[in-house]
Amino acid sequence: MTQSAAVPFETLDTPAIARALSQLAEKPGDWADLFLERTEEIRSPAEGKPPGVQTRREEGLAVRLVRAGESWLAARDAITPKLFSEALRQVARALPAAAYPEPRMALGPWPGSPDAPELAAFSPEVHRALREKHVAFPAKISVTRHSRWLQVIGTRWSSGTEYEHFYSCTVEMPWGRFGTLLPSLEEAEVETVASHLLDYFRARQALPPEPVTGLAVLGPAAAAVLLHEAVAHALEADTLALGGSPAAALGVRLGAPGLHVLDDPSSAPAGIKRVTDDEGLAVCRRWLLRDGIVEQPLADMVWSQSSPELLPGAARRSNRHWPPAPRSSHLEVLGGPLDQEQLLAGGDGLFLSQAERGRLDSLSGEFHLFFPFGRRIRSGELAETVGPCRLEGRVGNLLEMIRGIGQQPQVAGAGWCAKGGQKLPVWATTPSLRLEEARLLPC
Amino acid sequence: MLKSQPQIDAPVSETLENLTKIEDGRFQEVEVFAKLGRARRVSRSGLNRTAVYSQEQGWAVRASDSRGSFFCAGTGQVSPQGSWPGTDGLPLKLPSPITSPAWQTPADFEAPLMGEREAQSLLEGIERALRNEIPGAQLLQGTLDDGTSETQIINSRGIRVRYRSRLAALHLESLGPGAESPRADMYIAEREARHFSPLALARRLADRLLVLTKGTPRQRDRGEFLLAPPVMARLLESLLPLWVGPGSLDLAQDHQDSRGRLGSEALTILDNGRLMGGALEAPADGEGVPTREMILVDRGSFRQPLLSWQQIPAGQKRYAGCSRRASWRDIPKAGPTHLYLKPSPAVAVTELLENLARGYYLLDTTGAAVFDWPGNRFYLPVCGFEVRQGRASAPVSGSHLCGAISALLQGIQAVGRDLSFLPFSGMIGSPSAVVSGLELRALS
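Heads up: the protein sequence lines correspond to chains L and U, in order.
Position one of the first sequence corresponds to residue 0 (numbering that gives the first Met the number 0), numbered consecutively onward.
Position one of the second sequence corresponds to residue 0 (numbering that gives the first Met the number 0), numbered consecutively onward.
Keep in mind that the hints were calculated from the coordinates and are not lab data.
One should not assume that every hint holds.
The calculated PhoX-like cross-link candidates involving lysine-lysine, where the alpha carbons are at most 25 Å apart (straight line), are [stated by the list, open to error]:
hint : chain 1 : residue 1 : chain 2 : residue 2
1    : U       : 332       : L       : 422
2    : U       : 332       : U       : 34
3    : U       : 92        : U       : 332
4    : L       : 418       : L       : 272
5    : U       : 20        : U       : 34
6    : U       : 34        : U       : 92
7    : L       : 422       : L       : 272
8    : U       : 92        : L       : 139
9    : U       : 92        : U       : 20
10   : U       : 34        : L       : 422
11   : U       : 341       : L       : 81
12   : L       : 422       : L       : 139
13   : L       : 139       : U       : 332
With these hints in hand, go ahead and build the complete structure from the sequences.
If you want it as structure tokens, here you go:
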């Protein structure tokens, strides 16, 4: 279980809450739970913009009842016995003859005023790292610390308190905007951000490449975005359901042999790793693709009830006001046999280290991946920089183009996913990928 | 300031009072914002049905001393004894009260939120009507949000406002019959959910599905274009840099003709935060500054950009509240509220269509617009019908409307009376409009 030193929900009367929830689950197969969360965000400003430090603290609860494909959810912006009882009544399909007494729900106070001294040092450190690389340019850096505590209580069980803690960074430059998620603000992260900014700087005047079909080598960060869109989103149970039964995807070849893609929240970087999902159910090491074949799509409790072949444990919600949905947390791609030289070998093409964003049409399977810049590959060597371009194709075709997998998976490609209006942080550990016959177009 | 001083909740006013007293008035600028809301979200997707009942309560405090400022927000009721972060960044300035006409809370704000069964019936009604229009078509997903809220804003310069808001939004995704059938999406907003008409919405989805199924691209063609409100609204939204913000003056100058005119006689652009019946109608903006109508372009002549009180040039006295605040979590940001092309009340759309000798009636957009400002070009993927002698002759899709940005502005020949708004960054509205000087080209 991932817990912080100060667990805000430890004083809750969990058995009394479970008894109160049991009033909702009046029919066989009913599912009732209480979701509790506390979140804190502290944002240090980019230079030259008021206001200064921005802080936000939230807490609240949501009571949910699921019955035969129907869900009712009532959410409140505070955690009190009265609001819990109110929410309980709002989702109840039939009011009980005699209600249980309100449970004890006194939470510990927030610790002091919001403060994150580590944020202030990050921007100067990145500028220092850039100067060490002999460059200096205007870059407005803003850093946010995200903290979240959550717990789910059901009628017969209760998860431990999960704690998430990470940072996000956005940089505005005259030639573009860069954003990333970071597990910490150590020296390695300073170096990572500075290197990315340097790449943007070097590519600021580069012309887009001409339309080409051929070799494309995606660095770990770009590969992570590709696989998030083309594998994770494509294998979410709610996405699969748009085209029929989600379970029908099991056993279908989606990628090239040798491509192993997993979703494993328990192996995410420290501060983000999870033991349970946002429904309080245990997460698992889920093989989305094994050797290119679909093994286990992403599912939550609701979808696993409708298809017994689907395993729950991948439920996520951006906050209490949203019902859970099946989503990826931490995508993992197993390393392959190719070293850097082998990845680039055999002709000309493009090396694309960063992807700005990706877009998947869930029905047609059409896929677009946008790159802010790249480098030409000439005779197996990295050559000059090119400007923005995009990769197009259908999911199945694109994944079959993966003809080589790099040896060393890296934590890379973290970002915000905004599917369906829910903003969720997503993480990945991937190696580089070699695509052949990829269609690249200028932007 | 508003003529009658509204009642502000004690914790809100006490928080302001306490903050202004800290360290003998260290904070020269203090603002307390509080919002209370109720919302329902009802959705259906395949066999799944979901109903969410949310009650939200949050607050935000902005304060500034001589060296820096902070923004602090939280859920629940604001606490006058709250612990505040240190200041950082740059100092902050807040607006002062200005006089404005009285505003009456519209009667339909009192209407109850749509119930769960009523909302599910609306979604089922849309699906049923869609199937009547196109047998085999499906409503893949439908989500209705219906909410009401109350906002209080008080600041150390004397602003005291309290007002209610009401908004409903509907998101629909539909699929035509057959294996390779296209998909049509729709996202619309109204003040009250009961204004959504299942039949009209289903017909709009069906029209779009039919055009996408049967339409063919046009390699390259010119003519007159009758642009329906969804197409015009998307164009106006893409043209926002021309109407909003300090940079718009230079941009407008770049696109004026030799006589100094930005557009044709039919081009009158307004923004009005208190537009009667508007989905975002309110007496004040997210900083408590009174809203009012602003004419940005008057019959083709650029009058002024939409600027917040902070952005107006020194000496300019009159301004409108246009700082929008999506929620208590967000910092106010200048932007349009109800920005629209002025309609012609006497002109029906059928009249515009009948007068189209040779051209296209473009119903909807099929993707995002690309506006190349330095190159004075735009591209917008569209679908609709070819028109001959006022009659639709063949469906068109897989094409984009393109041309010079200045030609678009100068080429608006006539506008209809069917003003309707779409939710973008604020509500952007337009009637149907006849535009010449543009091209239709096949998507590459």
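Hey, residue 92 (chain U) versus residue 139 (chain L), does the alpha-carbon distance stay inside 25 Å? Distance of about 21 Å is within 25 Å: holds.
For a C-alpha distance cap of 25 Å, please report whether residue 341 (chain U) and residue 81 (chain L) respect it. violated, 50 Å
Starting from residue 422 (chain L), check that the Cα of residue 139 (chain L) is at most 25 Å away, please. holds, 23 Å
Restraint check for residue 332 (chain U) with residue 34 (chain U), where alpha carbons must lie at most 25 Å apart: holds, 17 Å
Can you confirm whether the C-alpha distance between residue 92 (chain U) and residue 20 (chain U) stays at or below 25 Å? Distance of about 18 Å is within 25 Å: holds.
Are residue 34 (chain U) and residue 92 (chain U) close enough, with their CA atoms no more than 25 Å apart? Judged against 25 Å, a Cα distance of about 22 Å means the pair holds.
Please verify whether residue 422 (chain L) and residue 272 (chain L) have alpha carbons no more than 25 Å apart. holds, 18 Å
Between residue 418 (chain L) and residue 272 (chain L), is the straight-line Cα distance small enough, at 25 Å or below? holds, 21 Å
Tell me if the straight-line CA distance from residue 92 (chain U) to residue 332 (chain U) falls inside 25 Å. Since the Cα atoms of residue 92 (chain U) and residue 332 (chain U) sit roughly 14 Å apart, the hinted pair holds (cutoff 25 Å).
Taking 25 Å as the top limit, are the C-alpha atoms of residue 34 (chain U) and residue 422 (chain L) close enough? holds, 22 Å
Take the C-alpha atoms of residue 332 (chain U) and residue 422 (chain L), compute the straight-line distance between them, and say whether it is at most 25 Å. Judged against 25 Å, a Cα distance of about 20 Å means the pair holds.
Between residue 20 (chain U) and residue 34 (chain U), is the straight-line Cα distance small enough, at 25 Å or below? holds, 24 Å
In summary, the structure is inconsistent with hint 11 from the numbered list given earlier, while agreeing with all the others.
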